[in-house]
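Novice: Here are the chains, one letter per residue:
2 protein chains.
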Amino acid sequence: MFRDKIKVLDCTIRDGGLINDHDFDVRFVREVYKAVSAAGVDYMEIGYKNSKKLFPAKDFGIWKFCDDADIHKVIDGIPSKTKISVMVDVDRVDVDDVLPKKDSPVSMVRTACYVKDVDKAIHLANQFSAKGYETAVNLMAISRALDNELTECLHQLEEECRANVIYIVDSNGALYQETTEFLIKKAKSILKSKEVGIHAHNNQQLAFGNSIEAIIHNANYVDATVYGMGRAAGNCPLELMLGFLKNPKYDIRPILDLISKEFIPLREKLEWGYIIPYAIAGILDEHPRAAIALRESSEKENYREFYESLVGEVEE
Amino acid sequence: MFRDKIKVLDCTIRDGGLINDHDFDVRFVREVYKAVSAAGVDYMEIGYKNSKKLFPAKDFGIWKFCDDADIHKVIDGIPSKTKISVMVDVDRVDVDDVLPKKDSPVSMVRTACYVKDVDKAIHLANQFSAKGYETAVNLMAISRALDNELTECLHQLEEECRANVIYIVDSNGALYQETTEFLIKKAKSILKSKEVGIHAHNNQQLAFGNSIEAIIHNANYVDATVYGMGRAAGNCPLELMLGFLKNPKYDIRPILDLISKEFIPLREKLEWGYIIPYAIAGILDEHPRAAIALRESSEKENYREFYESLVGEVEE
Chain Z
1 MFRDKIKVLD CTIRDGGLIN DHDFDVRFVR EVYKAVSAAG VDYMEIGYKN SKKLFPAKDF
61 GIWKFCDDAD IHKVIDGIPS KTKISVMVDV DRVDVDDVLP KKDSPVSMVR TACYVKDVDK
121 AIHLANQFSA KGYETAVNLM AISRALDNEL TECLHQLEEE CRANVIYIVD SNGALYQETT
181 EFLIKKAKSI LKSKEVGIHA HNNQQLAFGN SIEAIIHNAN YVDATVYGMG RAAGNCPLEL
241 MLGFLKNPKY DIRPILDLIS KEFIPLREKL EWGYIIPYAI AGILDEHPRA AIALRESSEK
301 ENYREFYESL VGEVEE
Chain S
1001 MFRDKIKVLD CTIRDGGLIN DHDFDVRFVR EVYKAVSAAG VDYMEIGYKN SKKLFPAKDF
1061 GIWKFCDDAD IHKVIDGIPS KTKISVMVDV DRVDVDDVLP KKDSPVSMVR TACYVKDVDK
1121 AIHLANQFSA KGYETAVNLM AISRALDNEL TECLHQLEEE CRANVIYIVD SNGALYQETT
1181 EFLIKKAKSI LKSKEVGIHA HNNQQLAFGN SIEAIIHNAN YVDATVYGMG RAAGNCPLEL
1241 MLGFLKNPKY DIRPILDLIS KEFIPLREKL EWGYIIPYAI AGILDEHPRA AIALRESSEK
1301 ENYREFYESL VGEVEE
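Chains Z and S are the protein sequences, given in the same order.
The first sequence begins at 1 in this note's numbering and counts up one residue at a time.
The second sequence begins at 1001 in this note's numbering and counts up one residue at a time.
No lab work stands behind these hints, which were simulated from the structure alone.
Hints may contain errors.
Unchecked claim - DSSO-like cross-link-like pairs, simulated, lysine-lysine; straight-line CA separation at most 30 angstroms: (1) K81/Z to K101/Z; (2) K73/Z to K116/Z; (3) K1131/S to K1058/S; (4) K1300/S to K186/Z; (5) K246/Z to K1300/S; (6) K1102/S to K185/Z; (7) K1261/S to K246/Z; (8) K1131/S to K300/Z.
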């Protein structure tokens, strides 16, 4: 018996864009949109809304900015019930860049923040709600959040924020099932009027398992990416999530085709997935940035030295 | 607080041998033994005891037979507390090939069987127990076992079998956490006098997650392999399991070195891991043999056709 409330958000292009400065061509993104639409995926997150005042457009791919005109190039002419989502980071978005919902192809705006920045996120999310969008707040680096601060943050979101969904984001890929269960139950107990979501990273091959765990404990929004593509170790693979979910509206086959035709060749050019330095970062609950730097160096396979360098940094 | 009763069995060479007809050279196996010994791993399973009357020795690597003389070539001169395990299949072992424990470097003999063959497995395991070995029975293809037959099988094992450990084996890589929980709880409720173990396959990237799930529900024996090497999608990665377990006797670093030096180059020659046809087989709860055949064909990336071929076989 499936749970109709479960919504799958594909963030392949958005999270994958962190590997290549958001530089996917329109043809490729159209192929992804076609496939996730045919697969019955509920949302597709296509990139970030960043201010061009802060980031020169010439230095990045177009999905760092997600101009509505570029989104139209992707979606126009493709039959679809899949809604478009964009992500914003606090302090990096120009709210005026986001048109009222009625004038935009975007349906959902998700604001990403650390627990400490929740006031800024609430301020942003409420503005996007006022413009008519579905909104979400994605709480990043949740494995590093202190429990008392997370409690306060969740109460604030429940009381002050108009966002429909609050996501638990395991940026470090550090969570095991027991902590995932703890965090989802905690969020559900405070966020009485909202849905809870999960965005997992796959450093320890637990992105799918933790997403299932979150679903078991009544998270209804799950993020996934095609073939797990995403920064560093990547994310919960969409094909596995669709294979798991029982809602007959989902169809895994268009995603299988997409992987065969587009993602097997792409994986030769972009690196993501189960790679030991990312696993080490997950085990040690560290941000992947040091592991990403290692993978770009000549010492990319020196795992023990990398491990020692991280555990050696302990100070009283 | 760690649970002292948890024992980790490395089956890299045994399960990995299913990819290359058990043809690892002694130098390589010594490197694995050195590393798992230094890492504090409790057992290392080195291969199968198959009858040379059934399988001509010239057609296979030496780890299909595990002669004691070959085991000595691996372990002699290496300081270690890691015990050696061998696996036997029902109907494929000559019991007389297994010397009394006091004359052998082997500590544990594990008998693999399907639920339907449990009588044969009990008969074998009891003989190995009588020879002085620690013994286990590994119940394969558990996702296909009918509940009433599994119940009877577990009662028989509890009452008639001298094996110390009974393993739940997810041969198809089809289990999710909820069924893993169900099976481990069921086994624990019947096998009052024995330990319960888990051997997971990684088709759906759930081998580690399901092994954690089994540990949560009091399985104390867990199988893992270096870098997840094993047939098809492979197994629970040993490095992740050691990163998870809290017992200070375990040290992940020798395994990190071993992966850098031996397994990254090996992966260029042998294929295992997250590969879509194995994921499909797991999702559909099928044995990986059709997916293995596909990967050896020119149609290795034709995922949709492979999926259709499996779901098209449904008959009333």
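Novice: Each hint needs a verdict: does it hold in this structure or not?
Specialist: Quick rundown of the hints versus the structure:
no.	hint	result
1	K81/Z to K101/Z	holds (17 angstroms)
2	K73/Z to K116/Z	violated (37 angstroms)
3	K1131/S to K1058/S	holds (29 angstroms)
4	K1300/S to K186/Z	violated (45 angstroms)
5	K246/Z to K1300/S	holds (27 angstroms)
6	K1102/S to K185/Z	violated (53 angstroms)
7	K1261/S to K246/Z	violated (43 angstroms)
8	K1131/S to K300/Z	violated (48 angstroms)
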